[in-house]
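**Q** Here are the chains, one letter per residue:
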Amino acid sequence: MLELNNLSMTFNPGTVNEKKALNHLSLKLEAGDFAAIVGSNGAGKSTMFNAIAGDFFPDEGYITLDGKDITYLPGYRRSRELGRLFQDPMRGTAPHMTIEENMALAYLRAGRSQRAYFSRVSRKDKELFREQLSRLDMGLEDRMKQPVGLLSGGQRQALTLLMATMVPPKLLLLDEHTAALDPATAEKVLRLTREIVERDHLTCLMITHNMHQALELGNRTLMMDSGRIVLDVKGEERRGMTVDDLLRRFRENVGKGLDNDRILLS
Amino acid sequence: MLYVAQTALELGFQYALVAMALFLSYRVLDIADMTTDGCFVLGCAVSVTLTAAGHPFLAIPAAMLAGACAGFVTAFLQTKLGVPSILAGIITNTGLYTINLMAMGWKANQSLLKQDTIFTLFRSTGIGGDWYAIILSGGITVLMGVLLVLFLNTRLGLSIRATGDNRDMVRASSINPTFTITTGLCLANALTGLSGAVVGQAQKTADINGGTGIVVIGLACLIIGETIVGRGAMFRGAIAVILGSILYRFIYAIVLYTKVVPVDCLKLVTAIVVALAIATPALKSWAALQNRKRRAMAERKGAR
Chain F
1 MLELNNLSMT FNPGTVNEKK ALNHLSLKLE AGDFAAIVGS NGAGKSTMFN AIAGDFFPDE
61 GYITLDGKDI TYLPGYRRSR ELGRLFQDPM RGTAPHMTIE ENMALAYLRA GRSQRAYFSR
121 VSRKDKELFR EQLSRLDMGL EDRMKQPVGL LSGGQRQALT LLMATMVPPK LLLLDEHTAA
181 LDPATAEKVL RLTREIVERD HLTCLMITHN MHQALELGNR TLMMDSGRIV LDVKGEERRG
241 MTVDDLLRRF RENVGKGLDN DRILLS
Chain C
1 MLYVAQTALE LGFQYALVAM ALFLSYRVLD IADMTTDGCF VLGCAVSVTL TAAGHPFLAI
61 PAAMLAGACA GFVTAFLQTK LGVPSILAGI ITNTGLYTIN LMAMGWKANQ SLLKQDTIFT
121 LFRSTGIGGD WYAIILSGGI TVLMGVLLVL FLNTRLGLSI RATGDNRDMV RASSINPTFT
181 ITTGLCLANA LTGLSGAVVG QAQKTADING GTGIVVIGLA CLIIGETIVG RGAMFRGAIA
241 VILGSILYRF IYAIVLYTKV VPVDCLKLVT AIVVALAIAT PALKSWAALQ NRKRRAMAER
301 KGAR
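Protein sequence lines, in the order shown, are assigned to chains F and C.
Going by this note's numbering, the first sequence opens with residue 1, and the numbers climb by one from there.
Going by this note's numbering, the second sequence opens with residue 1, and the numbers climb by one from there.
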């Protein structure tokens, strides 16, 4: 489904701030793969997401999604097939627009003809929104005319998740999307994520700093360091693996321990 | 007295289109569009010149198209060439001065004498009697308001609103901000051009300096309207700009009539009102902080 081939990216080349963020990174995801990514601070996890989403074009290498080369496709043209959630729940929704309008935006952009600039939301669409919202079990279906700015962070993140998957994307990118939420809400959003991914058989990449999550969720665990993927466990090998096993394998491959304050503190 | 009220209503409707344009650019897109002053004169000049040539109806869409072109230049400068948005508007505005002179045949003003305008033609139909100018101006403005509200709820309209509301979200979704900003600014300036066109034909004259300060007056109308009607849905915004503009013209008329403020000072008063209105949130939070500081100090002293 997704292939990153030999991707490299250096920021601020030739200055003291030079940073090799991606270092000949290669990754292949099969359709329906759900991979959790862990890694040290500055390992390039988010940079990899930014490259996939088209926030910048890589110095080297190429990216294909569903067989189509998207390496130099502008970001806004990829996002039809790409759902993306950020850590900050405020980034995914427009606060002064109502819940209904936000959903309409997500629905109208992903569905039907891209040239239908003057298409409007029909009553049938609104029924669909209501039904989808009721599945969140947050009572949002009765607040559809309220601006999104009135919702809590958890509610906004759940809504963003709904918007990103309303029309199933080819790839879902989750960048620590529950990290800024309180534990109970995080649990709920995570459960929703799992449900939706399973229901639609979505291909999904998820960055996390929770090692248990990384082993428990999905079918693959990826570890990153210094702009490359250093560990990729799946299938038989992954079953029965403990956090300690994972950390040991990381040390063997990289030659040093995992250095992420958030992981160490959690 | 009735005549004063009629004039205020008529001008209110005509200039409401500028406030509507600023609602679209300043409120919805969150861009302070400085093209407005020159664009208003452009609409006026195109309209009056074409009317003088005997095309009062063609003059209206032509003025809107000219306005949209001005908006396009501003949008192009800021989206494609990286010019800061306020500067982009000022640059276009400066350039428009020459364009406007050109549109008037290299004269600083242009007047209509016996030529038919949409107003004289409408009067000859007999509709509305003495109120014909108000009915025509009001009709145009209300029509534009309805179209704008309908538009802002289409897919493209929602995309434009999202662009002004959350750039981060837009970047991560399939909206192309270059496209939405360009469309938004073209539409806003088409409205400004329309305002100039209507005003030009109503007053039978176009003047190269006729647009000075229009952007601030438009903002004043917007803010007055929002203070009364409140902010929120797009429908409310459209009502707010029309009401605000009429109210501004009434205040203007009262000032002219009673001379409570010397007429020469009106621009300054308008500027101060707009500055204060926009500064209100900052002033409020400053006052709240001072209050809290004072109370905290008093409590600490009391505790000692």
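Hints are computed from structural coordinates only; laboratory data are not their basis.
On a predicted model such as this, the values are computed, not experimentally measured, just so you know.
Each hint should be verified, as a subset may be incorrect.
Label pairs and their in silico Cβ distance ranges [claimed, not checked]:
#1 C:Ile278 <-> F:Asn41: 33 to 43 Å
#2 C:Val269 <-> F:Gly42: 48 to 58 Å
#3 F:Asp244 <-> C:Gly232: 52 to 62 Å
#4 C:Pro281 <-> F:Arg191: 51 to 61 Å
#5 F:Leu73 <-> C:Gln6: 36 to 46 Å
#6 F:Lys145 <-> C:Gln6: 50 to 60 Å
#7 C:Arg231 <-> F:Met144: 16 to 26 Å
#8 C:Val142 <-> F:Arg123: 19 to 29 Å
#9 F:Asp244 <-> C:Gly302: 50 to 60 Å
Simulated coverage check for chain F against chain C, where a stretch passes if three residues somewhere in it have a Cβ under 8 Å from a Cβ of chain C [said to hold, decoys possible]:
#10 79-86
#11 90-97
#12 118-128
Computed list of lysine-lysine pairs in DSBU-like fashion (alpha-carbon distance at most 30 Å, straight line) [claimed, not checked]:
#13 F:Lys188 <-> F:Lys68
#14 F:Lys124 <-> F:Lys145
#15 F:Lys20 <-> F:Lys170
#16 F:Lys68 <-> F:Lys170
#17 C:Lys204 <-> C:Lys107
#18 F:Lys145 <-> C:Lys267
#19 C:Lys80 <-> F:Lys20
#20 F:Lys68 <-> F:Lys124
#21 C:Lys204 <-> F:Lys68
#22 C:Lys267 <-> C:Lys293
#23 F:Lys19 <-> C:Lys80
#24 F:Lys124 <-> F:Lys188
Backbone N, C-alpha and C define an ideal beta-carbon position, used for all residues, glycine too.
**Q** Next step is simple, just say for each hint if it's right about the structure.
**A** Hints, verified against the model:
{"no.": "1", "hint": "C:Ile278 <-> F:Asn41: 33 to 43 Å", "verdict": "holds, 41 Å"}
{"no.": "2", "hint": "C:Val269 <-> F:Gly42: 48 to 58 Å", "verdict": "holds, 56 Å"}
{"no.": "3", "hint": "F:Asp244 <-> C:Gly232: 52 to 62 Å", "verdict": "holds, 55 Å"}
{"no.": "4", "hint": "C:Pro281 <-> F:Arg191: 51 to 61 Å", "verdict": "violated, 39 Å"}
{"no.": "5", "hint": "F:Leu73 <-> C:Gln6: 36 to 46 Å", "verdict": "violated, 58 Å"}
{"no.": "6", "hint": "F:Lys145 <-> C:Gln6: 50 to 60 Å", "verdict": "violated, 39 Å"}
{"no.": "7", "hint": "C:Arg231 <-> F:Met144: 16 to 26 Å", "verdict": "holds, 19 Å"}
{"no.": "8", "hint": "C:Val142 <-> F:Arg123: 19 to 29 Å", "verdict": "holds, 26 Å"}
{"no.": "9", "hint": "F:Asp244 <-> C:Gly302: 50 to 60 Å", "verdict": "holds, 57 Å"}
{"no.": "10", "hint": "79-86", "verdict": "holds (count 4)"}
{"no.": "11", "hint": "90-97", "verdict": "holds (count 8)"}
{"no.": "12", "hint": "118-128", "verdict": "holds (count 4)"}
{"no.": "13", "hint": "F:Lys188 <-> F:Lys68", "verdict": "violated, 35 Å"}
{"no.": "14", "hint": "F:Lys124 <-> F:Lys145", "verdict": "holds, 16 Å"}
{"no.": "15", "hint": "F:Lys20 <-> F:Lys170", "verdict": "holds, 29 Å"}
{"no.": "16", "hint": "F:Lys68 <-> F:Lys170", "verdict": "holds, 12 Å"}
{"no.": "17", "hint": "C:Lys204 <-> C:Lys107", "verdict": "holds, 15 Å"}
{"no.": "18", "hint": "F:Lys145 <-> C:Lys267", "verdict": "violated, 40 Å"}
{"no.": "19", "hint": "C:Lys80 <-> F:Lys20", "verdict": "holds, 28 Å"}
{"no.": "20", "hint": "F:Lys68 <-> F:Lys124", "verdict": "violated, 33 Å"}
{"no.": "21", "hint": "C:Lys204 <-> F:Lys68", "verdict": "violated, 60 Å"}
{"no.": "22", "hint": "C:Lys267 <-> C:Lys293", "verdict": "violated, 37 Å"}
{"no.": "23", "hint": "F:Lys19 <-> C:Lys80", "verdict": "holds, 28 Å"}
{"no.": "24", "hint": "F:Lys124 <-> F:Lys188", "verdict": "holds, 28 Å"}
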